[in-house]
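*Asks:* Residue numbers (our numbering), protein chains in the order written: chain A, 25 to 305; chain B, 11 to 256.
Since the hints were made in silico from the structure, they are not lab data. From the three backbone atoms N, C-alpha and C, an ideal C-beta is built for every residue, glycine too. One or more of the hints may lead you astray.
As the list claims (entries may be wrong) - Not close to chain B: a few residues of chain A, all C-beta gaps over 10 Å, as computed:
#, residue
1, Y34
2, G55
3, T66
4, L90
5, P188
6, L229
7, W234
8, P269
Said to hold, decoys possible - One-sided excerpt, in silico: chain B residues whose CB lies under 7 Å from chain A:
#, residue
9, R35
10, I37
11, A88
12, V100
13, R101
14, P106
15, I126
16, A129
17, P222
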Amino acid sequence: MTTLPSTDVYDSDLRRRPLITEFQNFWRYRGLIKLLVVRDLTVRYKRSVLGVWWTILNPALTIAVLWIVFSNFFGKQGELDEPYIVYLTAGILIATYFTQGVIAAGSAIVNSRNVLIKIYIPPEIFSLSAGVAAAAHFIISLVPMLLLQVLTGQGIPWTVILVPIPLFFMLMLVTGLGLLIASAAVYFRDVIDIAKVITQLLNYLIPTFWTIDFISDSPKALALVEGNPLYSFLVVFRSWAYGGPDASAWLVGVMAMSGLVALTLGVYVFSRNWRRVVVRL
Amino acid sequence: MTTSFPPIEGHDISLRYRLDRANVRTIKEATVQTLRRQRTVESLNALDGVSFSVKRGEIFGVVGPNGAGKSTLMKVIARVLPPTSGRVIVRGRVAPMIELGSGMNPELTARENIVIYGALLGRDPAHMRDRVPAIVEWAGVEEFVDVPTRSYSSGMLARLAFGVATDIKPEVLVVDEVLSVGDKAFRAKSQDRMFELINGGSAVVVVSHSLPLLRDVSTRAMWLDRGRIKMLGDATEVLDGYRASG
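So here's chain B without its partners, still in its complex pose (with noise of 0.2 Å):
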């Protein structure tokens, strides 16, 4: 990894989806459409020709009203959505942390989840295996490991799937409303685990709709609208611009 560039580069990214107005999803009836000539194909542009960059050791929060682009653009990050047009440069391992528990299977114990759900996050199987205990005792759940995961409380999930994610120390933290799930004692905890990665030089990029804990924890933001920029910039300037919108 080069160090004197940033972590997460975005050049006039756009994100183009095609929308079908009649919901098309099958052949018969897009077949149906064509014949009567009622289909109509629109195109949204979840992203517009967004550009910015996040260096390390800096957490980069993103707000915006729904339907701004804020997911899209952390899926963009997360290499889970090519840009339409654009590009994007992530440096270094991303641990996303978009939706938790996604990957998990109900049917199977603490254990087997954790070094499915690590491989599943480009790690290797053998060394999840050993990341167990750390990774169970962080989640505090050492007593339910060997137990399938469908009898674990949502906060239990949560701090699992959190636990596992973090276990490494990736250039690139993406969360995505992570903070907001689960009691006060692991949003406390997620939080220090969150500082730990940032002191250890990881990028961070926030999406929340939380401004008062993104205003505690950004240094930079982005307001997002309609898929494009309408504020870059100090965090406490944008999200009071933010706010001041409404």
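The following block holds chain A by itself, in its conformation from the complex (with noise of 0.2 Å):
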């Protein structure tokens, strides 16, 4: 037996200090959110016999199909200058990043229940630990994306390296949209249900497989892509990852914005919720 130095004090009295408590939590137990994120990777590899594969080749497949039924259709007008092929695995890519970490860290502390009502932890650590996880997948579906972009002769600019700027500020979004679906979750079971139809929706209203000239004609359709703040990670991903057309200033400063606010709201409300969501689990 070791003996540790322990200053631990519960005091059901001492409030949570909305956002404060909740980024201290985040930090102390980053060892935690490790773990479980290679546990997820792990036991997801292990259960099936594709292994670590699985996470490609489910993106692979949607991307396949896509390319069949519409490469004869997009880009074949040149309103693309790179394969339509990069473009479409760019589209799906940040698709799959946004619906599977939203609803992994939406239905995180559900799913966690059997732990959380015997051990206390944080409720929020396994909401942000699902987005993480819903990173790593994103990070390992890179890599045959960049490969892709090899083949095809689009080649890998440099602004690769910025690429981790929207994965960051997408996974703020992810946890925090996560983390609002997360609270509602305890007290009504269907709406992890209802935010796979809404995230679906949401991905449909970005140019993933079409392109925006599709719409061009029309600015009431216009203003609803371009208002959707998954069209900023989109447009910057693309632009950054493979060179596509440039993203704008304004829409750079839209990504961030939509990662901060999703995350302060999400973390805010879980945070002056927290008790009767515990009690509700």
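Join the two chains, each given in its own frame, into one complex according to the hints.
*Replies:* Written out as structure tokens, the structure reads:
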């Protein structure tokens, strides 16, 4: 047995300080977060015969199907400078990161119920871990995308070193939205199903497999697409990862703001409700 | 840690659950029920004005019929549930021994699980990695340290989880019916470990339905009934009183 110095004092009268407590918890539990992410990856790896390839295969099949169906339609009128397959892959990767991240972070607290009703761990740790795991899957699937860029002659520009920036703000976005969903999911279990539908709809609203020229005649449609925060992530990612059309400073700002706002809001709402949330778990 | 204060203090703790008669779990149901004006939400006082304290080296037994609030009290002490009103203060590290094995992933090996389970209990992963040999030795599963725990027996899992939870010298040990799992040898072994911790100055709270066990181990006891304290004091008196009530 080892004796560790202990200064822990739990006083139920000490309330959470919104945002401060949560960010302190994220830092304090960083070791656990790392372990949970590794566990998520290893369990997925061990459970399926395909192992880590599943992470790549799943979007790869989607991309293959969309490419077969749409490659003769989009990118043929010269509206794309890049190969359609690269354009499509970037779109699917961002959409997958967003959907899987939001749903995983949103389900994390309900799914960790067995642990949370027995051991004290700040529940928000599980949502952040799920978001980080989604980011890890995104990084893994970047490898075949970069390979595609080389194979198609698109190449890899130096701006690829900036890709961690959209990756990071997306992590903030999915964790923030995930925490909002997670708080509500404790009350109503169908919140997750509704969130799945909404994230799917949001994904259709950004040009993943279709091109923006397709709707450029309709100002209303354009406003709907460009007003979607996900659009900024997609444009910035395409620009930096493979040298797609330049992302305006405005879009980079929109991307950063949506990450910051979502995370602040999600953490704040969770902080204000966590007592009710844990009692309802 | 300040030694002059008791490790566990509970002041007038109440915990209210919202009880939904219709057990509404989805937005759809909630909307329908609200529209029909059938939604009735009642509240249940799982704990109602409970005050007590547990000193260092004390083994505090908690008894009471099902639904008395024993497990809720354990969760309040283990920080899992914040009290609705009143105040609880716990000084020092808490090793919760509430239903072992949760937090163990069957797909992972004992080694991986020890590190994760330890981290879930708030311990440093690097430190846990160093403790793996000692823990598996205590649990008697050295040969299976790199085997996924899905092939473990429930006894092996219980020993492993108990070994991790008691690997530190906690100031507070919360035990909920744990000692009744496993075979005779494990029960003896875990009781020995528990006494080791108590002699080291831990405050222990034990919930059990086994009165003989509580009589053997506890120094003080509390009898809970429908969230309220029915009796609090010397273990023998309280346990006798509870037994006499049928």
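*Asks:* In ascending order, which of the hints set out earlier in this document are inconsistent with the structure?
*Replies:* Hint check: 1, 2, 3 and 17 fail, others pass.
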